[in-house]
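Undergrad: As a plain string of letters, each chain reads:
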Amino acid sequence: MRLPRLFRTTPFRLTLLFLALFAAAASAFLAYIYLATAGEATRRTDQNITREMRSLVAAYDRAGVDAVNQSLIERAASERPFLYLLMKPDGTRISGSIAESPLEDVRGAPSRASFSVTDYDAQGRLVKHPARGFQERLSGGEILFVGADVSEDQAYVVKIVRALWGAGALVIVLGLAGGLLVSRNVSRSMGALNDVVAAVRNGDFGARATVRGTRDEFDELSEGVNEMLDRLERSMAGHRHAGDAIAHDLRSPLTRLRARLETAYLDVEAGKGNAEEALGQALDDTDGVLKTFGAVLSIARLQAAGQAPDQVLFDPADLAADLAELYEPTCEDKGLEFDAELTRDLQVRGNREFLAQALANLLDNAVKYTPAGGAIMLRVRRRSSGEVEYSITDTGPGVPDEDRARVVERFVRLENSRSEPGSGLGLSLVAAVAEAHGGRLELSEGPGKVGEMGPGLRVALILPRPA
Amino acid sequence: MRILIVEDDLEAAEVMDRGLTEAGHECVRAPDGEDGLAASRAGEYDVMIVDRMMPRMDGVTMIQTIRREGDQTPVLFLSALGEINDRVEGLKAGGDDYLVKPYAFAELIARVEALSRRRETGSVQTMLRVGELEMDLIGRAVHRQGKEIDLQPREFQLLEFMMRHAGQSVTRTMLLEKVWEYHFDPQTNVIDVHISRLRSKIDKGFDKPMLQTVRGAGYRLDP
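In order, the protein sequences belong to chains G and S. FYI, the working numbering numbers position 56 of the first sequence as 80, with every residue one higher than the one before it. FYI, the working numbering numbers position 178 of the second sequence as 268, with every residue one higher than the one before it.
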């Protein structure tokens with residue numbers, strides 16, 4: 025037989041285990057309480073009996089058997105809760121409140137025992153009362169028995185035992201109920217997560233776990249799962265998009281390449297001399313295709329690795345200075361003012377090659393899109409957060425607000441830049457490099473519109489403070 | 091030069107062989123690492139071109155083996171677009187240069203010729219001479235026809251590299267790698283601009299231009 029689902033859940037099994045442990049602990053505790061209370065009642069009774077016995081023995085020693093007899097008669101008549109019996113050395117009764125000794129071996133005194141005495145209650149029914157008593161042989165040979173009715177104490181102990189049983193039952197019932205409640209709660213949360221996982225497994229990448237806002241570990245797990253699914257979905261969309269885009273971007277140069285080769289072939293066949301030029305063009309086209317391919321692969325590899333390899337600690341200004349030196353003549357040739365503002369003695373951890381490629385891509389873009397007469401500024405600084413920021417600001421046409429998130433995507437090229445050479449992968453690669461260093465890429469407006477210039481673009485590559 | 095080509099892609103090896111033979115070199119081919127190892131032990135070569143991924147024995151193992159045996163022949167590793175740190179691994183294994191497939195043939199020839207030259211200039215030089223051009227490596231001074239030419243530090247390094255490889259084509263990628271020591275791919279003509287500045291300093295005012303542009307390849311310094 026299969027148990028209902030709830031009883032198979034881990035929380036329920038844990039509940040049972042803890043309940044068993046708790047019940048064992050509670051039993052030990054209850055046993056201790058029982059021993060302490062019941063034992064205490066017996067000891068107190070015995071003490072009282074002993075005291076009574078001492079006082080009677082003292083009277084006997086002082087004034088003889090008649091004085092004890094007298095005293096017993098008086099005491100039995102009073103409201104004292106004791107039972108008395110004074111016997112001759114052979115065990116026959118002299119006086120007392122009971123007919124005969126409840127102790128078996130009358131002459132074997134001193135001894136003590138639990139026994140019961142019979143009595144009649146208010147309705148005249150015969151009842152048995154539990155009692156305890158001692159007997160002692162007095163110095164003259166007579167035997168004295170003193171006992172006490174312990175029915176009240178016993179009743180008290182019985183009450184305690186009953187209360188303990190009740191408490192035990194309550195503990196188990198409440199524990200079980202609480203366990204069921206907790207397991208139901210937990211298994212409901214787990215079930216919801218399982219449903220999400222099942223949905224994703226079946227191809228529904230839009231499925232998300234509910235975050236209830238309770239800030240517990242289920243919320244954390246749900247948030248983690250959702251974040252993971254978000255990333256997965258983005259990455260899959262990215263791959264799908266990249267696939268389409270590669271096909272799109274490679275199709276036109278490949279088509280051109282084929283046409284050129286075909287023309288060249290026909291020309292050569294016809295004995296015309298244009299083949300060399302066509303082949304040269306074909307080579308250039310091939311190089312373009314390979315460059316696009318290389319960039320796509322670099323991005324894919326960085327994203328797959330998650331973390332850029334071979335990271336070292338270095339001064340970010342050194343790298344920026346190298347690139348400034350590399351790009352400065354190009355800027356000057358194009359009639360651009362180039363300036364570098366490098367904060368020294370910072371430290372950053374990263375792969376120099378990838379970061380150099382990223383900065384080169386940003387500088388390439390700035391040079392490409394800034395018209396002559398404009399300016400480019402390369403800057404390294406420490407943010408107040410401790411992060412290191414490389415930024416490149418130009419006075420080109422900039423990127424409209426609504427397009428800034430989009431231009432980082434693969435192969436996205438804004439309409440007015442399609443005529444420029446390039447794969448449309450430059451910024452995507454920079455973003456991938458930033459991410460592989462635990463950093464990010466931020467695009468904002470440049471210095472603003474000045475005459476024909478601007479508003480410009482400011483691209484910041486932000487790297488985390490080295491640990 | 092005698093060149094050993096160790097490449098399992100027979101068609102690619104054939105194309106390489108043809109191109110290098112046309113450029114005046116003598117080529118020997120081996121289809122995998124084990125044959126390559128045997129060929130390298132049997133003969134003397136000026137340069138070896140070794141593919142990284144091959145059946146029977148891969149290129150890295152082959153080069154590690156010949157290096158252990160004391161063979162210092164310059165090695166150019168070829169690799170398909172692979173892992174990020176392929177280059178570092180290849181150089182660690184004993185390679186002298188690294189080229190990622192697919193490559194332009196001009197790049198391959200330029201790198202192969204640069205490797206062979208590297209071995210010839212083993213001794214420490216203090217003076218470089220190419221035609222009318224003289225470079226004093228100690229005094230950091232350059233003269234052409236006895237006239238001093240004032241160069242920026244980077245221009246000096248650039249010219250030094252060109253002079254050490256005089257008569258050979260050097261590609262833009264090689265210059266970026268060997269002079270700036272970066273391995274990336276600029277989309278703008280940054281290297282061309284540096285070369286044209288250098289050219290204006292060493293060729294301007296002289297009757298014969300020394301720094302040539304090689305179409306489809308890069309640059310060459312002629313005596």
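Take the hints with a grain of salt, since some may be wrong.
To be verified - Derived pair list, reagent style DSSO-like, types lysine-lysine, alpha-carbon separation capped at 27 Å:
1. S:K182 - G:K392
2. S:K268 - G:K315
3. S:K182 - G:K358
4. S:K268 - G:K358
5. S:K182 - S:K268
Calculated directly from the structure, the hints in this document are not laboratory data. The structure presented is a predicted model; accordingly, all values stated were derived computationally and were not measured.
Undergrad: Now tell me if each hint is right for this structure.
TA: Results for each hint:
no., hint, verdict
1, S:K182 - G:K392, "violated, 37 Å"
2, S:K268 - G:K315, "holds, 21 Å"
3, S:K182 - G:K358, "violated, 40 Å"
4, S:K268 - G:K358, "holds, 26 Å"
5, S:K182 - S:K268, "holds, 17 Å"
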